[in-house]
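Student: Produce the entire structure from the sequences given, and follow the hints as far as they go.
Chains as they are written, first to last, in the UniProt record's numbering: chain A, 1 to 480; chain B, 1 to 340.
Honestly, the hints are just simulated from the structure, not real lab data.
Note that this is a predicted model, so its numbers are computed, not measured.
Do not rely on the hints blindly, as some may be mistaken.
Per the computed footprint, the stretches of chain B lying under chain A, defined by three or more beta-carbons under 8 Å from a beta-carbon of chain A, are [unchecked claim]:
| hint | stretch |
| --- | --- |
| 1 | 177-187 |
| 2 | 196-205 |
Quick partial rundown of chain B residues pointing at chain A, CB under 8 Å, derived from the structure [said to hold, decoys possible]:
| hint | residue |
| --- | --- |
| 3 | Ser290 |
| 4 | Thr292 |
| 5 | Val293 |
| 6 | Asn306 |
| 7 | Thr307 |
All residues carry an ideal CB built from backbone N, CA and C; glycine is no exception.
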Amino acid sequence: MPGKQSDNGSRVSRRNFVKAAGASGAAVSMAGCIYGNSGGSSDAVVWGFDPTAADEIGDDLKQLYADNGVEADIELRPGDSETGARRDNYQRLLEAGESEPDIFMMDNGWVNVFIQQGLIANLSEELDESELQTVEDDYFTGFTDTARAPSSGDLYGLPMYPDFPVMQYNKAHAREAGYGESDFETWATEPKTWQEWSQLTAEIQEAADVEYGFTTQWDIYVGTACCTFNEVMSSWGGAYFGGRDNLFGPVGERPVTVNEQETIDSLRMMRTFVDEDYDNALEGYASGIMPSDVTQWVEESSRAPMAEGNAVMHRNWPYAIGNNAAEDALGVDNYGTMPMPYAVPESEAAQPGTGGTTSALGGWHIVLNPNSERKEEALEVIRATMTDEVSLGLFELWGWLPPKPELFSSDRAAETGVVGNYLDTIRVAGENTMPRPVTEVWSNQSTVIAEAANEVVAGETSAEQAMNDLQSSLEEIEQQ
Amino acid sequence: MAAETQPDATTRESRKSGALVTLTRRIENLGETGFAYLLLTPVFVLLGTVALYPLLRTFELSLYQNLVGLGEAEFVGIENYVSLFTGDANRWLPGSTTFLPGVSVNGTFPFVHLNGLLRSALAVTLIFTLVSVFFETLIGFGQALVLDQDFRGRGWVRAAIIIPWAIPIVIQGMIFFLMFHPQTGFLTEILAQWGIVAQTNTLNDTASSLLIITVGDIWKTSAFMALLILAGLQSIDRGLYDVAEVAGATRWQRFKLITFPLILPTLGIAILFRTIQAMRIYGLIDSVSSCTVVPSLSCMVVETFNTQRGLSAALAFVTAAIIGVVVMVVIYQQYKSGDI
Numbered sequence: 001m002p003g004k005q006s007d008n009g010s011r012v013s014r015r016n017f018v019k020a021a022g023a024s025g026a027a028v029s030m031a032g033c034i035y036g037n038s039g040g041s042s043d044a045v046v047w048g049f050d051p052t053a054a055d056e057i058g059d060d061l062k063q064l065y066a067d068n069g070v071e072a073d074i075e076l077r078p079g080d081s082e083t084g085a086r087r088d089n090y091q092r093l094l095e096a097g098e099s100e101p102d103i104f105m106m107d108n109g110w111v112n113v114f115i116q117q118g119l120i121a122n123l124s125e126e127l128d129e130s131e132l133q134t135v136e137d138d139y140f141t142g143f144t145d146t147a148r149a150p151s152s153g154d155l156y157g158l159p160m161y162p163d164f165p166v167m168q169y170n171k172a173h174a175r176e177a178g179y180g181e182s183d184f185e186t187w188a189t190e191p192k193t194w195q196e197w198s199q200l201t202a203e204i205q206e207a208a209d210v211e212y213g214f215t216t217q218w219d220i221y222v223g224t225a226c227c228t229f230n231e232v233m234s235s236w237g238g239a240y241f242g243g244r245d246n247l248f249g250p251v252g253e254r255p256v257t258v259n260e261q262e263t264i265d266s267l268r269m270m271r272t273f274v275d276e277d278y279d280n281a282l283e284g285y286a287s288g289i290m291p292s293d294v295t296q297w298v299e300e301s302s303r304a305p306m307a308e309g310n311a312v313m314h315r316n317w318p319y320a321i322g323n324n325a326a327e328d329a330l331g332v333d334n335y336g337t338m339p340m341p342y343a344v345p346e347s348e349a350a351q352p353g354t355g356g357t358t359s360a361l362g363g364w365h366i367v368l369n370p371n372s373e374r375k376e377e378a379l380e381v382i383r384a385t386m387t388d389e390v391s392l393g394l395f396e397l398w399g400w401l402p403p404k405p406e407l408f409s410s411d412r413a414a415e416t417g418v419v420g421n422y423l424d425t426i427r428v429a430g431e432n433t434m435p436r437p438v439t440e441v442w443s444n445q446s447t448v449i450a451e452a453a454n455e456v457v458a459g460e461t462s463a464e465q466a467m468n469d470l471q472s473s474l475e476e477i478e479q480q
Numbered sequence: 001m002a003a004e005t006q007p008d009a010t011t012r013e014s015r016k017s018g019a020l021v022t023l024t025r026r027i028e029n030l031g032e033t034g035f036a037y038l039l040l041t042p043v044f045v046l047l048g049t050v051a052l053y054p055l056l057r058t059f060e061l062s063l064y065q066n067l068v069g070l071g072e073a074e075f076v077g078i079e080n081y082v083s084l085f086t087g088d089a090n091r092w093l094p095g096s097t098t099f100l101p102g103v104s105v106n107g108t109f110p111f112v113h114l115n116g117l118l119r120s121a122l123a124v125t126l127i128f129t130l131v132s133v134f135f136e137t138l139i140g141f142g143q144a145l146v147l148d149q150d151f152r153g154r155g156w157v158r159a160a161i162i163i164p165w166a167i168p169i170v171i172q173g174m175i176f177f178l179m180f181h182p183q184t185g186f187l188t189e190i191l192a193q194w195g196i197v198a199q200t201n202t203l204n205d206t207a208s209s210l211l212i213i214t215v216g217d218i219w220k221t222s223a224f225m226a227l228l229i230l231a232g233l234q235s236i237d238r239g240l241y242d243v244a245e246v247a248g249a250t251r252w253q254r255f256k257l258i259t260f261p262l263i264l265p266t267l268g269i270a271i272l273f274r275t276i277q278a279m280r281i282y283g284l285i286d287s288v289s290s291c292t293v294v295p296s297l298s299c300m301v302v303e304t305f306n307t308q309r310g311l312s313a314a315l316a317f318v319t320a321a322i323i324g325v326v327v328m329v330v331i332y333q334q335y336k337s338g339d340i
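Tutor: Right under this line is the structure:
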């Protein structure tokens, strides 16, 4: 669908998309080599890479690694700009036993499937104990978990950069409702309940007289299943498969729990936000703050009203902060962030490991090709990526967030670009992240989930009916 | 001795030329039908290579249960077809409640629920094909009749008709996507007020999306029909019209008794071409709405390819079989009427 983004959708702006299209064209002409062993220096470590970043910061990135002790040459091999196509290409390459690329950037949403299929190298067998301990101790746990084998806990991917959505708001509109800097400071790190937040949104919307209270993404696409619905449901204490422990399987042996009351209520809340005349509305929640258009909105379409100053609240990835709070847009003084609201605290969540403020998870890992003929050199690149210098360097070069929470507090990170002003909120999001439940059947499940969640918010069916139907569909897929 | 046992060069040449002469004589002695088949042999070989082999290979794949990347393919016989026609395959068909109308996961009777019926891949494909080809033929015929007339500015009119056909499918899809998208669409509200499309969530509503996609296809492809039909119209001997006019035939009588019967074979071929194309609808769906919302047969083939290749192959083979049946029926009709 035009305008729709793939998978985590986290770093794709229109500008970047155009760049990416150009870059992928260049990639094909340069390499003709998505299938492997052609072109480039025979000694270089070949890295399957993001096409736009390779095009824009390729030379600087190689310099960054050289400055941090990597002696091997690095060749960035751009993949497809559409993440699904890139994943399929990598799968075919690895299934065919190709030795190049030596390392890959992999979406955290793919890695578990590649682990299950036995296609990528076990880093727990390649890295030293101390290095593994560093990953265990210093990285965002929820993010690192997506790079581990669920059965053994072995590490198969090194977290390169994470991505966490946050609630973004227009400070100028909030000021019109009487709120000020001290409020904004509190909001930056202390999550509100959905009830408080909806009333606040309605109040600001009325005071500022803007068209939209809340804009978000709720189209029938993977972003709804992996992220927006996953967040809302989790913040109510619900889960797709009985809680955090079952996110990555085992398929067929875990419970399906979408027809539980907490999940149904989370959808009722979203419908309440849309429809002022909703028969089944939740009491105490503001209605009419969200346009029905959200059921056809993805990241960029939902960002547009916010960028135009026509919305109070907006849920999106940090890339949207970079765009909306830029000097030539709303500006940092007029743009604020807060953690995602919640309905029940963790202690009261019905499903284990859920509840409280919850942010979906995007971001990419580095994985090693088990067939690589330059394994030592490739591991040298992976080890360099673990250094703070490289993590912060990547943030400065391309806005890729550091994978270690500690680095969010550094002066260097705070001074980096527009997003550097919002790291406190993003760190809270990172500490309260809920990964998507990726298994080999997730692509089928995500479609029916997105469809069901969309129909409820569009008012086409009741939350109970939709979740009962979804329960049956997910159970069928689990029992394949 | 070697020199005595081996034939010399002259003898070899003589034998070669003798074989050539024999072959030439055999060809000369072939009957007319045999000679025609001989000339068609390269075509048969080519068709066998580029069409028949992939089809047979697809059928072979459809007999395996192959979940991509998870172990070896397992031979399951016709299980993929059975699950397709009994509804067991539903879980592999994203967005599609069923493959066939009448087989519903939740036990609801789909014919009383339009969206339920339209979630059937087969129903979506057939409805789209019937409606789009019917209107494309009608409009294309009208356009061809206009273009067949001699009038000033005919070149411009012809260009105007052909322009939609020249637009790439993705661009066309984007045009219709923007026309009906909540943020940019200027037609949604008007049509929704008339009850023609859904007020909200228009491009995620199966019935509305199917209507928009069908209209989009008619807009684009009527020109293709017009060009084919025009070629047929221009092959009609103009003298027939002169004779009919002298005999006092009205315009309607000339159309009914001369134009329509003589254009019928061309019309049959044009409809056949368009039917085959329409049954493979995918690009327009993917760019205007999504395969989840409007699950055509080709959509389902694509959607299941990366997760269930055996089922995807079964779907592809069923689609090819349906198209094959349509082709055979049309060809048989033409054969019966003596047009081929």
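Student: All hints are to be evaluated individually against the structure, with a verdict given for each.
Tutor: Hint check:
Figure legend: the stretch 177-187 of chain B, annotated as covered by chain A; annotation consistent (5 residues with Cβ-Cβ distances under 8 Å, at least 3 required). Only when three residues or more bring their CB closer than 8 Å to a CB of chain A does the claim for the stretch 196-205 of chain B stand; here the count is 6, and the claim holds. Annotation: interface hint on B:Ser290 holds; nearest CB of chain A at approximately 5 Å, less than 8 Å. The closest approach between the C-beta of B:Thr292 and any C-beta of chain A is roughly 5 Å, which is under the 8 Å cut-off, so the hint is satisfied.
The beta carbon of B:Val293 is positioned within 8 Å of a beta carbon in chain A (closest approach about 6 Å), and the interface hint is therefore held. Of the supplied interface hints, the one on B:Asn306 holds, with its beta-carbon coming within about 6 Å of a beta-carbon of chain A, less than 8 Å. For B:Thr307, the shortest C-beta to C-beta distance to chain A is roughly 6 Å, which falls under 8 Å, so the interface hint holds.
Checked against the numbered hints given earlier, the structure satisfies every one of them.
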